Amino acid sequence: MNSGLVSEEVILTTDEGEQAVFSAWADRVGLDLETLVNSGCGCCVDIYTVWATPGQITELNTLLDAVRS
98 MNSGLVSEEV
108 ILTTDEGEQA
118 VFSAWADRVG
128 LDLETLVNSG
138 CGCCVDIYTV
148 WATPGQITEL
158 NTLLDAVRS
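Residues in the sequence shown are numbered consecutively from 98, following my numbering.
If you're looking for bench data, these hints aren't it; they were derived computationally from the structure. These figures come from a predicted structure and were not determined experimentally. There's no promise every hint is true.
Stated by the list, open to error - Here are the in silico distance ranges between beta carbons for each label pair: (1) Thr155 to Glu113: 16 to 26 Å; (2) Gly101 to Cys141: 31 to 41 Å; (3) Gly101 to Cys138: 26 to 36 Å; (4) Cys141 to Ser100: 34 to 44 Å.
Backbone N, C-alpha and C define an ideal beta-carbon position, used for all residues, glycine too.
Using the sequences and the hints given, assemble the complete structure.
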């Protein structure tokens, strides 16, 4: 991967809010969701490893924390 990018394991429930936040964030940072491998079962949890800048990862975690609370 390019320098400056870090990996993050993103664990999402199938909650529509979490899915929408992740999808919108991925779109904004230019991540093609169709290229990601879902390591979760898909029925109740999706698990993705994404590569992004530390700032983008912080943004994602902040957005997910907000929708989960």
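Hints, verified against the model:
1. Thr155 to Glu113: 16 to 26 Å: Hint holds: Cβ distance 23 Å, inside 16 to 26 Å.
2. Gly101 to Cys141: 31 to 41 Å: For cysteine 141 against glycine 101, whose Cβ atoms are near 34 Å apart, the range 31 to 41 Å holds.
3. Gly101 to Cys138: 26 to 36 Å: 32 Å, holds
4. Cys141 to Ser100: 34 to 44 Å: Between cysteine 141 and serine 100, where Cβ atoms are some 36 Å apart, the hint holds.
Going through the hint list in order, the structure satisfies each hint without exception.
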